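Each chain, written out:
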Amino acid sequence: DGGITQSPKYLFRKEGQNVTLSCEQNLNHDAMYWYRQDPGQGLRLIYYSQIVNDFQKGDIAEGYSVSREKKESFPLTVTSAQKNPTAFYLCASSIGQFWNQPQHFGDGTRLSIL
Amino acid sequence: QKEVEQNSGPLSVPEGAIASLNCTYSDRGSQSFFWYRQYSGKSPELIMSIYSNGDKEDGRFTAQLNKASQYVSLLIRDSQPSDSATYLCAVLNTGNQFYFGTGTSLTVIP
Numbered sequence: 001d002g003g004i005t006q007s008p009k010y011l012f013r014k015e016g017q018n019v020t021l022s023c024e025q026n027l028n029h030d031a032m033y034w035y036r037q038d039p040g041q042g043l044r045l046i047y048y049s050q051i052v053n054d055f056q057k058g059d060i061a062e063g064y065s066v067s068r069e070k071k072e073s074f075p076l077t078v079t080s081a082q083k084n085p086t087a088f089y090l091c092a093s094s095i096g097q098f099w100n101q102p103q104h105f106g107d108g109t110r111l112s113i114l
Numbered sequence: 001q002k003e004v005e006q007n008s009g010p011l012s013v014p015e016g017a018i019a020s021l022n023c024t025y026s027d028r029g030s031q032s033f034f035w036y037r038q039y040s041g042k043s044p045e046l047i048m049s050i051y052s053n054g055d056k057e058d059g060r061f062t063a064q065l066n067k068a069s070q071y072v073s074l075l076i077r078d079s080q081p082s083d084s085a086t087y088l089c090a091v092l093n094t095g096n097q098f099y100f101g102t103g104t105s106l107t108v109i110p
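Going down the list, the protein sequences come from chains A and B. Residues 1 to 114 (the working numbering) are what the first sequence spells out, left to right. Residues 1 to 110 (the working numbering) are what the second sequence spells out, left to right.
Note that these hints are calculated values from the structure, not bench results. Every value quoted in this text rests on a predicted model; they were computed, and no experiment measured them. Fair warning: there could be bad hints in the mix.
One-sided excerpt, in silico: chain B residues whose CB lies under 7 Å from chain A [stated by the list, open to error]:
| id | residue |
| --- | --- |
| 1 | 32 |
| 2 | 34 |
| 3 | 40 |
| 4 | 43 |
| 5 | 96 |
| 6 | 100 |
| 7 | 103 |
A few chain B residues that face chain A, going by a derived Cβ cut-off under 7 Å, partial list only [unchecked claim]:
| id | residue |
| --- | --- |
| 8 | 31 |
| 9 | 44 |
| 10 | 46 |
| 11 | 49 |
| 12 | 102 |
In silico DSS-like pairs for lysine-lysine, Cα to Cα no more than 30 Å straight-line [what the hints assert, rightly or not]:
| id | chain 1 | residue 1 | chain 2 | residue 2 |
| --- | --- | --- | --- | --- |
| 13 | A | 57 | B | 42 |
| 14 | B | 42 | A | 9 |
| 15 | B | 2 | A | 57 |
| 16 | B | 2 | A | 70 |
Don't be surprised by glycine CBs; every beta carbon is placed ideally from N, CA and C.
Next comes chain B alone, as it looks inside the complex (with noise of 0.2 Å):
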């Protein structure tokens, strides 16, 4: 079992809809997750950090978490042409290791 897994996609999505991404993770104490976003040919743009369960808003953006079900998302709402890219989901493990996952593919299609 992968230590963080997440539907590799591709995601495609009308101008305006929210698009959600998704993500779980094998180590259940794990405590740090974060949400990557990478432009085709550009290195990952840290976009969110969560902690605690429940939602965290910045903006268009929104990361849930749930540890109990060992689960993460992130909503951007009003998606945007720009939002196309490839959404990379990680997970700081209880020995401290980060794990990445393979990353979404979202299409925003104007």
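One chain only, chain A, in its complex shape (with noise of 0.2 Å):
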């Protein structure tokens, strides 16, 4: 089956620690976008990206990091200058630019800190 594996589910940061949350897709979408939902609220573009090897921030980049070396994987690594961590991080992707296709998502990852 296609789709969207985000993990783990749950994730606890201790302080001054960095973290990675995998997202890995099988649908070929060229895509990829992480958001960070804090309870009661709408989602918020922490990154994204189009291609391999190209990325851009969203409204709220700082204190994250990605990578895109493959087309199927960009993880989110949450640094320690990210003083606020705790939040539900989603994973999407679409089939790219200029094809006006939704987003899919992951099931996501709940980040705490401890």
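Using the hints, put the two standalone chains together into the complex.
Here it is in structure tokens:
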């Protein structure tokens, strides 16, 4: 079955620690996205990538980093510079630019501070 | 002005009624519009896409688009308690950027 796999489902971060959230898709989609969602809030874009080896900052990129070395994979690192990382993190993908197609989401990773 | 605006609700309707969810957008040239449903603690799932003016029906769901008014809506007929969720409106604008509304919380009362 094609889809988007996020892991882990739950993650705990200690003070001063960097943590990496995994996102893998087997939909052959070019574009991938990372969003943050706080309780009762909408989605806020962290980073997005339209093509391998290229990515752009979203609205709240500070304290986060990404890489896109493979089409299938778009990991997100939450660095120690992100002082309030507790949130629900959602990875999404779409076919790509100019296709007017929707995004599809993984099941999310819930990150908390220890 | 936000790219996509929705009433946050909460919207409550009795079981069997029609629920009407509304969304406005700012980029007049936007071409693609989507509705997602998000249950509490879960990720958003796509329920409708609409690209042309008018109505698009899929089972109990009808999406309505009026580009002149920059307005898109979702009607849920014969609402069921299982429809209780947050509904997100998303727009793909002329710059090929996705924008999501903050969502409308719907509760269907048995």
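Verification of the hints:
Given the 7 Å rule on beta carbons, the hint for residue 32/B holds: about 4 Å separates it from the nearest Cβ of chain A. Because the beta carbon of residue 34/B sits about 5 Å from the nearest beta carbon in chain A, less than 7 Å, this interface hint is met. Checking residue 40/B against chain A: minimum C-beta separation of about 10 Å lies over 7 Å; hint violated. Interface hint at residue 43/B: satisfied, since its Cβ lies 4 Å from the closest Cβ of chain A, which is below the 7 Å cut-off.
Because the smallest distance between the Cβ of residue 96/B and any Cβ of chain A comes to about 5 Å, under 7 Å, the interface hint for this residue holds. Given the 7 Å rule on beta carbons, the hint for residue 100/B holds: about 5 Å separates it from the nearest Cβ of chain A. This hint holds: residue 103/B has a C-beta 6 Å from the nearest C-beta of chain A, less than the 7 Å allowed. The criterion of a C-beta within 7 Å of any C-beta in chain A is met by residue 31/B, whose closest approach is roughly 6 Å, and the hint holds.
Checking residue 44/B against chain A by beta carbon gives a least distance of about 5 Å; that is within 7 Å, so the hint holds. For residue 46/B, the interface hint holds, the least distance from its beta-carbon to any beta-carbon of chain A being 5 Å, beneath 7 Å. Hint status for residue 49/B: holds, given a least beta-carbon distance of 6 Å to chain A, under 7 Å. The criterion of a C-beta within 7 Å of any C-beta in chain A is met by residue 102/B, whose closest approach is roughly 4 Å, and the hint holds.
The straight-line distance between the Cα atoms of residue 57/A and residue 42/B is roughly 25 Å, inside the 30 Å bound, and the hint therefore holds. Between residue 42/B and residue 9/A the CA atoms are separated by roughly 11 Å; this keeps the pair inside 30 Å, and the hint holds. As the CA atoms of residue 2/B and residue 57/A are separated by approximately 19 Å, the hinted pair is consistent with the 30 Å bound. Straight-line distance between C-alpha atoms of residue 2/B and residue 70/A comes to about 33 Å, which puts the hinted pair past the 30 Å bound.
Checked against the numbered hints above, the structure breaks hints 3 and 16 and satisfies the rest.
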